[in-house]
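Each chain, letter by letter, is given below.
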Amino acid sequence: MLEIKNLHAEVDGNKILRGIDLVVRPGEIHAIMGPNGSGKSTLSYVLAGKDDYEITEGTITYNGVDWSEMSAHERAAAGMFLAFQYPIEIPGVATMTFLKTALNAQRKARGEDEISTPDFMKLVREKSKALNVTPEMLRRPLNVGFSGGEKKRAEILQMSLLEPTLCVLDETDSGLDIDALRVVSEGVNQLRSPDRSMIVITHYQRLLDHIVPDVVHVLSKGKIVKTGGKELALELEKNGYAEYVDEEAA
Amino acid sequence: MAAVQETIDQVKAIDVDQYKYGFVTDIESELAPKGLNEDIVAYISAKKDEPEWMLNWRLEAFRRWKTMEEPTWARVDYPKIDFEDLHYYAAPKKREGPKSLDEVDPEILDTYKKLGIPLSEQEILAGVAPENRVAVDAVFDSVSVATTFKEELAKAGVIFCPISEAIREHPELVQKYLGSVVPVSDNFYATLNSAVFSDGSFVYIPPGVRCPMELSTYFRINEPNTGQFERTLIIADKGSYVSYLEGCTAPQRDENQLHAAVVELVALEDAQIKYSTVQNWYPGDADGKGGIYNFVTKRGDCREKNSKISWTQVETGSAITWKYPSCILRGDNSQGEFYSIAISNGHQQIDSGTKMIHLGKNTSSRIISKGISAGVSQNTYRGQVSAHRKASNARNFTQCDSLLIGDKCGAHTVPYIESKNSTAVFEHEATTSKISDDQMFYCQARGLDDEEAVALIVNGFVRDVIQQLPMEFAVEAQKLISISLEGSVG
Ligand SMILES: Nc1ncnc2c1ncn2[C@@H]1O[C@H](COP(=O)(O)OP(=O)(O)OP(=O)(O)O)[C@@H](O)[C@H]1O
Ligand SMILES: [Mg+2]
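From first to last, the protein sequence lines are chains S and D. FYI, numbering that gives the first Met the number 0 numbers position 196 of the first sequence as 195, with every residue one higher than the one before it. FYI, numbering that gives the first Met the number 0 numbers position 451 of the second sequence as 450, with every residue one higher than the one before it.
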């Protein structure tokens with residue numbers, strides 16, 4: 000279970016998160032929506048443990064463990080996964096190599112044996128097929144020259160291989176064509192399980208038709224200003240954020 | 000910057016010396032008295048049972064050397080070397096050039112085992128498929144101690160032996176080719192080497208023969224205060240092919256040690272030589288104390304048409320590296336290649352690169368250099384590409400990339416391009432980059448710790464060059480890259 004209490008965070012001295020309270024139980028999917036610049040990606044970075052993102056107040060605990068002193072790779076081994084809004088290029092490192100290195104690094108951190116090459120190959124073939132990731136893409140350097148949609152699919156492929164228990168998807172739907180949106184959503188839904196928590200950041204109700212959330216939050220100026228059921232997303236689609244943004248200012 | 004800075008700090012906190020080849024072999028040695036004069040030159044020559052022509056060649060080099068000055072143009076900085084304070088010859092005592100493995104001191108065999116180089120043919124055969132076998136010549140201080148698979152190579156007509164043996168047994172070849180690529184008077188260190196070289200490898204591939212296995216030499220400096228001056232000569236006769244690997248290590252010592260080798264390659268018509276090096280001499284400790292001074296002259300001559308020479312190097316060791324494996328593209332349609340990974344860490348200083356000298360028509364060359372600097376090291380790529388008046392249609396492509404880890408190190412690129420023929424086309428591309436915080440975070444968010452992330456990104460950066468290495472070497476090189484970045488950054 001993820002518990003965020005009164006979380007304040009800043010980057011380079013800029014206060015961005017201003018008191019977030021959020022509890023995500025195993026099996027739940029929470030959607031976070033909100034205007035550009037409201038702090039959605041910042042929240043995802045703070046959760047993943049990015050350097051320079053400083054928690055100035057409040058706490059993050061996961062399964063009862065305080066995450067404030069844990070580095071990004073330790074959080075990954077503990078089950079955290081962030082699907083990046085803007086995936087990073089790693090030149091010269093074949094996607095396949097990257098996947099194997101990541102998987103083995105996490106296994107090592109958990110005191111497990113490395114996966115054998117045949118087992119790994121089988122696993123990748125199976126998972127990549129489901130996400131329409133071609134063998135050719137797996138040979139290419141990670142994210143280098145990938146189209147926007149290919150990058151997002153590669154993110155979800157990583158997620159399905161690493162089998163995290165806390166998934167944060169930052170605008171995974173942006174840049175996806177209609178078919179890809181369906182494929183990616185199916186991939187995410189497959190991972191839906193009673194042991195897994197997900198936070199889905201998006202601007203569009205469309206994604207939430209595919210990945211149906213239990214709870215929807217509106218983030219504005221670094222705070223959650225409204226929480227509701229999935230119908231909240233529909234309402235936002237119709238009326239925009241004006242009401243909540245103003246409410247917060249008032 | 001934060002992520003990278005943290006990496007550096009973390010790595011700094013680890014016990015810095017990760018150099019795992021730093022042990023000393025305890026063995027009785029026969030040493031020449033310190034210092035250099037004509038008597039010492041004669042002493043070395045006599046030890047090797049050399050014919051008179053060889054002694055005269057050495058003496059001529061020595062006299063020449065006395066008139067020369069140490070070069071200072073490279074971007075390296077070190078206290079003046081006292082050439083009188085060195086031993087110019089050291090040999091494991093008891094035997095002069097063992098005839099078979101049974102005669103090699105077990106301590107030395109053990110040393111090579113520790114280095115991961117089995118010298119017994121049975122041991123090699125035990126673990127490897129026939130096509131992956133590697134014939135090894137092991138040079139310990141000044142003497143070649145064992146050459147494996149000699150008989151099998153002889154069946155193919157290939158000569159692979161210590162150069163001291165070649166001087167005695169194949170004088171016609173040695174006389175014809177020694178000094179024909181790197182002349183005696185070439186440069187300060189090459190001339191010194193010509194006077195005092197003690198051993199090294201000799202390879203001759205007869206016409207039309209594809210050498211049936213990889214050939215390899217492992218150089219090991221053991222004795223303190225001893226210069227190592229090997230000499231390697233490889234001749235690929237018409238239509239032949241050979242792939243040759245060179246590996247180097249040395250014990251961890253507080254004093255600096257001098258290594259000044261000369262390598263000459265000759266490729267005749269339609270012949271091809273592939274020369275790969277993994278240089279991992281002791282780089283010195285975290286404070287920059289100790290380490291090897293590596294002043295090496297390596298040059299290949301594409302002497303006849305359609306010949307090809309490729310240099311691939313992975314340079315991770317040495318306190319100072321001064322090294323420019325070069326190609327003289329004399330034959331028409333000949334090709335030269337230089338693929339290099341140079342990693343500098345801690346206080347290391349590397350000044351390395353290549354020269355591609357286009358003399359023949361339709362000659363082409365390709366240079367891919369990847370420099371990685373970390374710690375407070377300095378890493379310079381120095382490359383010369385030139386086309387002679389008659390070198391019509393000469394082509395060169397140079398890609399020179401530098402990667403910086405941290406902000407106390409330096410990367411420098413010094414290209415010299417000179418064309419005397421208007422049909423020559425030379426392309427030069429250079430980039431300098433840093434490992435970005437975003438790349439680090441992305442890898443960390445996937446579960447890689449700081450060192451694993453740096454190693455992965457760096458291995459990606461050098462991929463084009465790693466692909467040029469023979470399989471087994473490529474795996475070794477990748478490990479070595481990770482280890483050298485682990486140990487001495489900061
Ligand atoms: N390093 C930084 N220095 C200063 N301001 C920053 C920095 N990083 C982010 N910000 C600011 O923090 C705010 C929140 O950014 P964030 O990326 O979290 O927004 P977002 O909600 O994800 O927006 P979008 O919907 O456009 O993706 C923005 O105003 C942004 O400019
Ligand atoms: Mg965002």
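Treat each hint with caution, since some may be false.
What the hints assert, rightly or not - Derived EDC-like pairs (lysine to aspartate or glutamate); straight-line CA-CA distance at most 20 Å: (1) D:Lys433 - S:Glu88; (2) S:Lys99 - D:Glu450; (3) D:Lys433 - S:Asp51; (4) S:Lys220 - S:Glu242; (5) D:Lys478 - S:Asp51.
What the hints assert, rightly or not - Here are a few chain S residues that face chain D, going by a calculated C-beta distance under 8 Å: (6) Ala47; (7) Asp50; (8) Ser70; (9) His72; (10) Gly78; (11) Leu81; (12) Ile87; (13) Pro90; (14) Gly91; (15) Gln105; (16) Asn131; (17) Pro134; (18) Arg138; (19) Pro140; (20) Gly144.
I should point out that these hints are in silico values taken from the structure, not numbers from a laboratory. Glycine is no exception: its CB is placed at the ideal position from the N, C-alpha and C atoms.
Legend entry - Hint status (Cβ of Gln105 (chain S) to nearest Cβ of chain D, threshold 8 Å): holds, 4 Å
Inset, instruction - Would you check whether Ser70 (chain S) satisfies its interface hint, that is, whether its CB is within less than 8 Å of any CB in chain D? - result: holds, 7 Å
Inset, instruction - May I ask you to test the interface hint for Pro140 (chain S) with respect to chain D, counting a Cβ-Cβ separation under 8 Å as satisfied? - result: At about 7 Å, which falls below the 8 Å cut-off, the nearest Cβ of chain D leaves the hint on Pro140 (chain S) intact, so it holds.
Legend entry - Hint check, Arg138 (chain S) versus chain D [nearest Cβ-Cβ separation less than 8 Å]: violated, 12 Å
Inset, instruction - Closer than 8 Å between Cβ atoms is the bar; does Leu81 (chain S) clear it against chain D? Give me holds or violated. - result: holds, 5 Å
Legend entry - Restraint status (C-alpha distance of Lys220 (chain S) to Glu242 (chain S) at most 20 Å): holds, 14 Å
Legend entry - Proposed proximity, Glu88 (chain S) with Lys433 (chain D) (alpha carbon, max 20 Å): Given that 20 Å is the threshold and the Cα spacing comes to 13 Å, the pair holds.
Legend entry - Closest C-beta approach of Asp50 (chain S) to chain D relative to 8 Å, hint status: holds, 4 Å
Inset, instruction - Would you mind confirming whether the straight-line C-alpha gap from Lys433 (chain D) to Asp51 (chain S) stays at or under 20 Å? - result: This hinted pair holds, its Cα atoms lying about 18 Å apart.
Legend entry - chain D contact restraint for Gly78 (chain S) - C-beta distance below 8 Å: violated, 10 Å
Inset, instruction - Mind checking the CB of Gly144 (chain S) against every CB in chain D and telling me if the closest is under 8 Å? - result: Since chain D brings no Cβ nearer than about 14 Å to Gly144 (chain S), farther than 8 Å, the hint is violated.
Legend entry - Hint check: 8 Å Cβ-Cβ cutoff, Asn131 (chain S) to chain D: violated, 21 Å
Hint compliance for this structure: hints 5, 10, 16, 17, 18, 20 are broken, all remaining hints hold.
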